[in-house]
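With the hints as extra help, turn the sequences into a complete structure.
Numbering (mature numbering (1 follows the signal peptide of the UniProt record, and there is no 0)), first residue to last: -23 to -1, 1 to 407.
If you're looking for bench data, these hints aren't it; they were derived computationally from the structure.
A couple of the hints might just be wrong.
Said to hold, decoys possible - The calculated label-pair distances, taken between Cβ atoms and stated as ranges, are: (1) Asn105 / Ser257: 21 to 31 Å; (2) Pro163 / Asp263: 45 to 55 Å; (3) Asp328 / Ser218: 21 to 31 Å.
Beta carbons are placed, not taken as given, at the ideal position from N, Cα and C, and that holds for glycine.
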Amino acid sequence: MGRLAGTAAAAVAALLASADSSAVQLPALDALWQPPNHSVDLPQRAWLGGDSDWSIPLGNGSSLWLFGDTLVGPWNARLNQRVAAGAAMPHGTLARVDADAKSGAVRATKFWNSSSQEAVPTAWFVPNPKSVPGGGNDFLWTTAGVALPGNGPPGLAILCPRVRASSKAPGPFAFQVVRTTVVHVPNASGHPREWEYSTCDLPGTGSDAGLFWHTAAWLGTEPGIAASGLDGVVSLLGQTSSAAVLLRLPLDSLLQCVFDGGSVWASGGRGWVPLGPSPSPPRAEDLAPVFEPAESEATIAPRPPCAGGGFFSMWIPFGSARVRVRVAASPTGPWAEDASAGFSLPFPANDTARFFSYAAKAHSGMGAAHEGPCGSVVSVVTNAFNGTALFDPGMGRRLYVPTMWRIEWARAGPGGASARRAQGSLPAPP
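Here you go:
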């Protein structure tokens, strides 16, 4: 174990032995999540922002984006603001993004679940799809997922926190997560309104268990590297009260919410430990921390080969407007912060008394025009402690929409690192 640990530490040191990195904002991708036409009033409902954005590559430059709570409502172009009267917030929406690899042109087609422009939109997925729509007190946020492999109809496995309103926390945090729910869409072709789906809850998850498995998911053993994966295996990044943890499951087991044939990255330096047939659910105390602190909305993504390869993940400390970046040679770690790759967010994010930022996530398959010669496309969402600020003039393009960035990695090579502050394209307030 000592030699293995030394080898892993050397790999991290090699990843960090690069020169400067920086980040730039990507207005062309930001525009995907803006009102359709800033110069025209939208008296009927339009998609006006959402969080928890997770992208599932579909191939050929297309991806499916999953959103949690979403603002759908009218838009006042003259005041450059959302209109509160007539606005609704369904617990989930979807978007299909198509990117042209040659030209860099991108477009997003957004879907919210509503029978008409006048009808109040609802979530695409509910904990029990056989129940009366809108019934029950629990709801789902779609925070992660994968496209199912195979030659049949395109299917999806989506990981969701099952959420319940709670009076124990203030304002935007007045909820508790009671389970991790798996949504299975066996055929995701056609309009989302035509999709049929089933749900199940992963046992041993929730606030009482101190363990969740909906932070991130990828096919195989390492994200973005198909050759490393075993057929029919999905990896889940989960969260205890303080740390990120890892689980591997056969896809069939995940879709049935059982742990048969799975394995966990175990505590005590044991590495990957098989769970065996008909196992009990993993317990938080049996899992090895992958990195700390852990966030409920995050990604582990490949770092470009030009930057030395390996993987990266991001987090934003609460009360901060700086995106911090950690890197590792393997998803299991060891992880170390790459301070040169971090970047600071402009207004309104830097007004941390009124606003908070979260959901720093990577998005693959956006094309070389946006990724650049040695970059990674990432997103961040900024929200307000007081929800009325989402409807203030000028905030419709700044708050509660994914802002898109490119981390520009330094090319791998000898030399040290010198941090350079990232510059955003949004101006500071007057």
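Tested hints:
{"no.": "1", "hint": "Asn105 / Ser257: 21 to 31 Å", "in the structure": "holds, 25 Å"}
{"no.": "2", "hint": "Pro163 / Asp263: 45 to 55 Å", "in the structure": "violated, 32 Å"}
{"no.": "3", "hint": "Asp328 / Ser218: 21 to 31 Å", "in the structure": "holds, 29 Å"}
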